[in-house]
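Order-wise, the sequence lines are chains A and B. The first sequence begins at 10 in our numbering and counts up by one. The second sequence begins at 21 in our numbering and counts up by one.
You can take every hint at face value.
Derived lysine to aspartate or glutamate pairs resembling EDC-like cross-links, with alpha carbons at most 20 Å apart:
#, chain 1, residue 1, chain 2, residue 2
1, A, Lys-80, A, Glu-62
2, A, Lys-27, A, Glu-88
3, A, Lys-27, A, Glu-71
4, B, Lys-62, B, Asp-104
5, A, Lys-74, A, Glu-88
6, A, Lys-78, A, Glu-62
7, B, Lys-76, A, Glu-111
8, A, Lys-80, A, Glu-105
9, B, Lys-88, B, Asp-51
10, A, Lys-80, A, Asp-65
11, B, Lys-88, B, Asp-75
12, A, Lys-66, B, Asp-117
13, B, Lys-62, A, Glu-10
14, B, Lys-62, A, Asp-47
15, B, Lys-62, A, Glu-111
Calculated directly from the structure, the hints in this document are not laboratory data. Please read all numbers here as calculations on a predicted model, not as lab measurements.
These are the residues of each chain, in order.
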Amino acid sequence: EAQVTQNPRYLITVTGKKLTVTCSQNMNHEYMSWYRQDPGLGLRQIYYSMNVEVTDKGDVPEGYKVSRKEKRNFPLILESPSPNQTSLYFCASSLEGTGSYEQYFGPGTRLTVT
Amino acid sequence: GESVGLHLPTLSVQEGDNSIINCAYSNSASDYFIWYKQESGKGPQFIIDIRSNMDKRQGQRVTVLLNKTVKHLSLQIAATQPGDSAVYFCAENMRSDTGRRALTFGSGTRLQVQP
Numbered sequence: 010e011a012q013v014t015q016n017p018r019y020l021i022t023v024t025g026k027k028l029t030v031t032c033s034q035n036m037n038h039e040y041m042s043w044y045r046q047d048p049g050l051g052l053r054q055i056y057y058s059m060n061v062e063v064t065d066k067g068d069v070p071e072g073y074k075v076s077r078k079e080k081r082n083f084p085l086i087l088e089s090p091s092p093n094q095t096s097l098y099f100c101a102s103s104l105e106g107t108g109s110y111e112q113y114f115g116p117g118t119r120l121t122v123t
Numbered sequence: 021g022e023s024v025g026l027h028l029p030t031l032s033v034q035e036g037d038n039s040i041i042n043c044a045y046s047n048s049a050s051d052y053f054i055w056y057k058q059e060s061g062k063g064p065q066f067i068i069d070i071r072s073n074m075d076k077r078q079g080q081r082v083t084v085l086l087n088k089t090v091k092h093l094s095l096q097i098a099a100t101q102p103g104d105s106a107v108y109f110c111a112e113n114m115r116s117d118t119g120r121r122a123l124t125f126g127s128g129t130r131l132q133v134q135p
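From just these sequences and the hints, can you work out the full model?
Structure, rendered in structure tokens:
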């Protein structure tokens with residue numbers, strides 16, 4: 010089944026404790042992206058990747074890192090999480106590197122930073 | 021399930037009626053538009069898309085209309101069913117000066133279908 014998977018689905022952590030949220034897609038998509046979703050603010054892009062080893066900042070990149078060493082994986086790293094990073098996170102992928110086609114979303118990761 | 025918005029505009033319709041969800045987009049340079057459906061506890065799910073060289077596109081029970089003059093997008097759902105209850109987002113896609121492409125999402129509309 011073609012899908013985008015994220016792990017973990019739920020995570021509660023403390024301020025400053027490094028964490029990684031994994032994202033994997035099995036559709037051989039070139040484009041991958043991370044979003045956060047907050048009430049009243051909708052979905053905002055954090056980082057995106059147009060292909061392996063090519064990443065760039067989205068609208069809200071501060072406090073986050075990403076890497077794209079393999080085509081299928083695009084982990085989101087929070088080196089020193091803070092409470093304002095409490096949010097619902099979605100990974101997405103799209104067939105073509107420019108992201109000009111529909112994006113397929115993962116199921117989401119609910120992160121709480123205390 | 022996950023809450024996607026505390027004070028979303030809500031459209032309430034009777035089962036079997038047609039629904040129209042509207043969206044105003046922000047950038048006249050946007051050339052690709054998508055409607056997504058998000059059910060509680062799930063990620064956004066693609067419904068239908070339209071490119072800027074079109075005014076209308078139809079899918080199964082859904083139609084998207086694009087009015088570039090007033091930067092307006094609408095999603096029409098025919099014979100609305102209880103399973104259509106969800107939050108609906110429009111998204112615009114454009115290429116920036118740096119070559120970056122990104123989806124910019126609207127704040128969403130909650131559709132409630134009354135049996």
